[in-house]
Amino acid sequence: MQAFWRDAVEFLPILMNGVALTIIVTIGSLLLSTVLGLIWALMRVSGIGIFTGFSAGLINVIRGIPIIVLLFYLYFVMPELGLTLTALQAAILGLGIAYSAYQAENFRAGIEAIDKGQIEAAQAIGMGWWQTMRRVVLPQAVRIVLPPYGNIMIMMLKDSSQASTITVAELALQGKLIASSTFKNTSVFTLVALMYLTMSIPLILLVRHFEKRAGQK
Amino acid sequence: MIELSNVHKSFGKVEVLKGITASVEKGEVVCIIGPSGSGKSTILRCINGLESYDSGDILVEGARVDRNAPSIVAIRTQVSMVFQRFNLFPHRTALENVIEGPIYVKKEPRVHALERGRALLAQVGLAEKADAHPPQLSGGQQQRVAIARALAMQPKAILFDEPTSALDPELVGDVLSVMRKLADDGMTMVVVTHEMGFARDVADRVLFIDGGVIVEQGPARSVLNQPQHARTQDFLRRVLHPL
Chain Y
1 MQAFWRDAVE FLPILMNGVA LTIIVTIGSL LLSTVLGLIW ALMRVSGIGI
51 FTGFSAGLIN VIRGIPIIVL LFYLYFVMPE LGLTLTALQA AILGLGIAYS
101 AYQAENFRAG IEAIDKGQIE AAQAIGMGWW QTMRRVVLPQ AVRIVLPPYG
151 NIMIMMLKDS SQASTITVAE LALQGKLIAS STFKNTSVFT LVALMYLTMS
201 IPLILLVRHF EKRAGQK
Chain A
1 MIELSNVHKS FGKVEVLKGI TASVEKGEVV CIIGPSGSGK STILRCINGL
51 ESYDSGDILV EGARVDRNAP SIVAIRTQVS MVFQRFNLFP HRTALENVIE
101 GPIYVKKEPR VHALERGRAL LAQVGLAEKA DAHPPQLSGG QQQRVAIARA
151 LAMQPKAILF DEPTSALDPE LVGDVLSVMR KLADDGMTMV VVTHEMGFAR
201 DVADRVLFID GGVIVEQGPA RSVLNQPQHA RTQDFLRRVL HPL
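If you're matching them up, the sequences are chains Y and A in order.
My numbering numbers the first residue of the first sequence as 1 and each following residue consecutively.
My numbering numbers the first residue of the second sequence as 1 and each following residue consecutively.
The hints are simulated quantities; they were obtained by calculation from the structure and are not laboratory data.
Hints are not guaranteed to be accurate.
[What the hints assert, rightly or not] Pair ranges (Cβ atoms, derived):
id : chain 1 : residue 1 : chain 2 : residue 2 : range
1  : A       : VAL14     : Y       : GLY128    : 53 to 61 Å
2  : Y       : ILE50     : A       : SER5      : 55 to 63 Å
3  : Y       : GLN89     : A       : ASP57     : 54 to 62 Å
4  : A       : ALA166    : Y       : GLN89     : 52 to 60 Å
5  : Y       : ALA109    : A       : ALA132    : 23 to 31 Å
For every residue, glycine included, the Cβ atom is placed at its ideal position computed from N, Cα and C.
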């Protein structure tokens with residue numbers, strides 16, 4: 001146990017560098033996936049054939065490709081097509097695109113859960129499609145969407161470790177590097193696990209808060 | 001001000017409106033009665049473009065109703081709708097429900113809309129409920145807020161789609177008395193209803209619809225008291241004397 005604490009004091013500063021990158025990758029890809037997911041969802045419910053079809057097809061393609069393959073594609077293949085990304089850019093873009101499919105399905109479920117009468121009432125006072133979405137449907141859908149959204153945040157935090165496969169020195173990769181150079185596997189990976197857990201706990205509490213609020217109505 | 005000529009409408013293979021021709025004059029109160037599934041609500045929903053119709057014409061003040069044309073917005077601000085299940089926005093207070101259309105559709109200044117919104121809530125007897133959210137209100141109160149929301153658009157006509165059918169019996173009176181006051185003030189109203197007493201006392205004209213056609217129409221008292229057609233007689237007997 002004493003050895004563990006000694007290792008912790010020694011490795012923690014290096015691992016914290018990884019934590020910073022983990023947080024950057026998570027927040028960056030969370031924002032990107034939210035924006036993209038909302039766009040796919042709105043296209044899907046727009047009732048315009050070409051948008052609906054495009055969105056449905058795209059979501060299936062994204063869902064059918066493993067995140068790690070998407071990351072390899074962005075980081076190793078895109079340069080051959082003339083688009084060179086830094087590892088961090090590729091990680092945020094890849095995770096953002098991969099998770100946009102799940103965000104879109106979550107948003108769509110929330111939007112479709114809103115009573116049709118709400119949309120009719122908005123139309124009856126002369127609101128157009130976009131205004132109906134913004135003023136009536138989306139504010140009500142948020143309540144429904146938030147608990148699963150929180151779960152997606154937790155999954156994204158953990159899946160940010162996949163960025164290690166394209167050389168982003170986030171928490172998991174920092175751990176692996178320290179472990180392979182010191183052979184202190186137990187200390188290092190226990191620390192890494194504890195640090196992921198520490199970051200997840202606030203999110204888990206947030207989800208619980210969202211669920212309670214959603215259940216009030 | 002509202003004219004329907006030979007309006008047909010099908011849902012899939014079921015034809016629900018089989019050539020409806022009718023008109024509503026300015027200031028007139030027209031009640032539409034008939035068995036459920038006869039197409040009563042569909043007529044209202046076609047008038048303000050919540051449903052499309054397959055053939056025929058619907059004109060509101062001379063403008064053709066086409067739910068896919070940009071002109072539908074102008075028509076909807078002139079012809080408001082009150083729904084059976086109120087359809088208030090639950091995330092907004094009573095007052096916010098009332099001012100939503102004036103502010104965000106008609107672009108009225110907020111101060112002006114708020115002032116008028118409060119006056120309208122007072123008019124329907126709910127001045128003290130301005131800050132309540134819909135789930136905190138009874139069904140009758142919600143429907144009166146919905147009527148205030150419709151009035152806030154300063155419409156030329158209001159369509160009522162079974163406005164009291166979802167209410168507990170003791171709450172029906174409050175809503176009907178608000179509607180009666182509107183009629184007395186000269187509002188043009190088309191009301192789909194099962195309240196025969198209201199139709200007899202308030203309506204200028206009654207249309208009896210069955211199977212997607214107007215079976216009988218005329219002054220309220222004559223249609224309700226001396227129906228000519230056998231189907232009207234049968235319907236009224238069932239409604240007025242269910243036992």
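Against the structure, the hints:
1. The hinted range of 53 to 61 Å is not satisfied by VAL14 (chain A) and GLY128 (chain Y), whose Cβ atoms lie roughly 30 Å apart.
2. Between ILE50 (chain Y) and SER5 (chain A) the Cβ separation comes to about 35 Å, which falls outside the hinted range of 55 to 63 Å.
3. At about 58 Å, the CB distance of GLN89 (chain Y) to ASP57 (chain A) agrees with the hint of 54 to 62 Å.
4. The hinted window of 52 to 60 Å between ALA166 (chain A) and GLN89 (chain Y) holds, with their beta carbons roughly 55 Å apart.
5. About 30 Å separates the C-beta atoms of ALA109 (chain Y) and ALA132 (chain A), a value consistent with the hinted range of 23 to 31 Å.
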